[in-house]
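The residues making up each chain are set out below.
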Amino acid sequence: MTARHEAGRPSLVELTGVGKRYGNVIALRDITLQVNAGEITCVLGDNGAGKSTLIKIIAGLHRHDEGVFRVDGREVAFGSPREALEHGIATVYQDLAVVPLMPVWRNFFLGSEKRKGSGPLKRLDIGFMRGTAKEELLGMGIDLRDVDQPIGTLSGGERQCVAIARAVYFGAKILILDEPTAALGVKQAGVVLRYVVQARERGLGVVFISHNPHHAYPVGDRFLILKRGRSIGYHTKDEITLDELTAQMAGGAELDQLAHELESAGVKGAPELREEARDLGASD
Amino acid sequence: MSQTIERPSAPSDERLAARSPLRKLLGRPEIGALVGAVVLFVFFSLVADAFLRASSFSTVLYSSASMGIMAVSVSLLMIGGEFDLSAGVMVTTSALIASMFSYQLTLNVWAGVAISLVVTLALGFLNGLLYVKTGLPSFIVTLGTFFMLAGLNLGFTKLITHNVATPSIEDMDGFEQARSVFAANWTIGGVQVNISVLWWIVFVAIATWLLLRTRSGNWIFAVGGSASSARAVGVPVTRTKIALFMGVSFTAWFYGMHILFNFKSVQSGEGIGNEFFYIICAVVGGCLLTGGYGSAIGAAIGAFIWGMTSNGIVYAEWNPDWFKFFLGAMLLAATVVNLVVRRRAEAGQ
Ligand SMILES: Nc1ncnc2c1ncn2[C@@H]1O[C@H](COP(=O)(O)OP(=O)(O)OP(=O)(O)O)[C@@H](O)[C@H]1O
Ligand SMILES: [Mg+2]
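If you read the protein sequences in the order shown, they are chains A and B. Just so you know, we're using the working numbering here: the first sequence kicks off at 275 and counts up by one. Just so you know, we're using the working numbering here: the second sequence kicks off at 26 and counts up by one.
If you're looking for bench data, these hints aren't it; they were derived computationally from the structure. Hints may contain errors.
Said to hold, decoys possible - Computed list of lysine-lysine pairs in DSBU-like fashion (alpha-carbon distance at most 35 Å, straight line):
| no. | chain 1 | residue 1 | chain 2 | residue 2 |
| --- | --- | --- | --- | --- |
| 1 | A | Lys461 | A | Lys408 |
| 2 | A | Lys396 | B | Lys183 |
| 3 | B | Lys183 | A | Lys388 |
| 4 | B | Lys183 | B | Lys158 |
| 5 | A | Lys461 | A | Lys390 |
| 6 | A | Lys396 | A | Lys408 |
Unchecked claim - Taking CB as the label site, the calculated pair distances span:
| no. | chain 1 | residue 1 | chain 2 | residue 2 | range |
| --- | --- | --- | --- | --- | --- |
| 7 | B | Gly214 | A | Asp422 | 40 to 48 Å |
| 8 | A | Glu409 | B | Val227 | 50 to 58 Å |
| 9 | B | Val143 | A | Arg502 | 54 to 62 Å |
| 10 | A | Gly459 | B | Gly160 | 22 to 30 Å |
| 11 | B | Phe181 | A | Ser354 | 38 to 46 Å |
| 12 | B | Val227 | A | Arg389 | 20 to 28 Å |
| 13 | A | Asp420 | B | Ala147 | 38 to 46 Å |
| 14 | A | Gly312 | B | Ala147 | 36 to 44 Å |
| 15 | A | Arg389 | B | Gly215 | 45 to 53 Å |
| 16 | A | Ser354 | B | Ile231 | 32 to 40 Å |
| 17 | B | Gly160 | A | Glu535 | 47 to 55 Å |
Note that the Cβ used here is the ideal one computed from N, Cα and C, for glycine as well.
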């Protein structure tokens, strides 16, 4: 449970002991997390672990009930996604990001359209938006043949990248990605991961949600592992290997349980399994 | 045997070849309707001698405008993902209100026109508000207001005039002036042209500009294509949808005024069923029933097809009873074409 603190500058986002209940369901408890500029913080965990709940708090969809939530060192509690956006926190949802039948450039600027002229002749600056969308996407390494094509014709990964490029262009300081690679094939996931790294190189703080350690480990700087609403590990990259991360995600407790069962069934090697579970520090 | 050397094409080549200008043209929502209109025009020219006369053409244009003015706003609403089944009777409501206020209170007709505008816009706002507040499909909400308005039209008219129609307002102050705005008839080169045809073209032009060149247009496509995505990026979804319902009520007022000043008296049972014709014009013109796709020009072509078919059948001296069968068949064909278009657009072909 180490949390390296950058001396002097406050983290972009900092959660301390944050908890959240839905009625009598405790979805999150005592979560501590930092997101720094130019860093990728990965949140890992199984289904129902509370990953989405955590990012919904940061994205302004829900308020936390316990603990402290700071942005740029100042305590906040967002009432709406708009407020989060105003603080430079942009969220990219897997399927909520785009309108499939609209052209790429219209999607890119949707909700923040650039206009020219005045009065009743105020109109979209189409040339600027087309050009900018193409340029920005090219800047992220996406070479579209035509920004006029409906965004639905792009692959899932490309679409995700457009949403990321868009958030970067509109000045997001913190980018939250909810399972951007979940529905993607190996190659597509690779493409998205490359853009996540690019966003970091542009100096953004990234929160990357995943339940796939193979996607998270290569790009992440910090890893928060959630289980049933609790943090069961918070590590910087130099403190943990991919194997350890995978094992911890699979759940030390589960391994322990499995060892028990195997042991009582008289299977050889069960004690070693149990030992390993204890080493991972999750057998409680 | 000659050997052909297979060269792997460079990735950039493969990309450039992907979208020819022809493809782009075929991707336009109104292209199917345009082809259909040309085919029907040629067809009726061949089977009906009377069809090609200038006077017939002016009749066709007038019928087209009588559907087209409403089809403009109905197509915008459909692109925004909603239906308005009250659109047909709302035209009558609007005309009744203007007629009744002017006549019963002996006011200048412009007072009735103004009151009617306010009330009709309020009706559109109410449709939008009901849709937004209840979260029910607009199909259901406006089905309710459709029956309510149909009942009120008949009920109030009988209560006030003891008749199913309103008395003529021809002699009232301001009538001629209002008529010249809403229902003037000009004779151009021996052919009568009604001003409603001009207004129709103006509305189509404005709607097209709105859709393709303004932020509001962007929002209309977005709320129809995916309301949740639009909301997530900060598009005011509620406001846009309510404005679209009010757009329909605005053209209902305008067309209601045309009817009032063209025919001087209003039949209170009129308008029922027209809402489907407006929807057919929009769909034949390329609007998707599911929203997010379509064009105002397409809806205009749809209205023109309506005008050609409804009159062409008469000129061909066929029994007009068949007209509705054609209309239904056309709607089905258009829906299938649209479905294919959308699949192609969405699945990347
Ligand atoms: N609105 C809600 N009301 C009540 N309980 C909720 C609500 N949202 C989430 N929960 C509960 O909180 C817990 C955490 O859910 P959350 O969606 O954060 O999980 P997750 O880690 O994102 O899972 P997944 O990988 O499946 O997306 C779950 O047990 C869930 O049932
Ligand atoms: Mg989730």
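Please flag the earlier hints that this structure goes against, numbers listed from lowest up.
Result: hints 2, 3, 5, 8, 10, 14 break, sorted rising.
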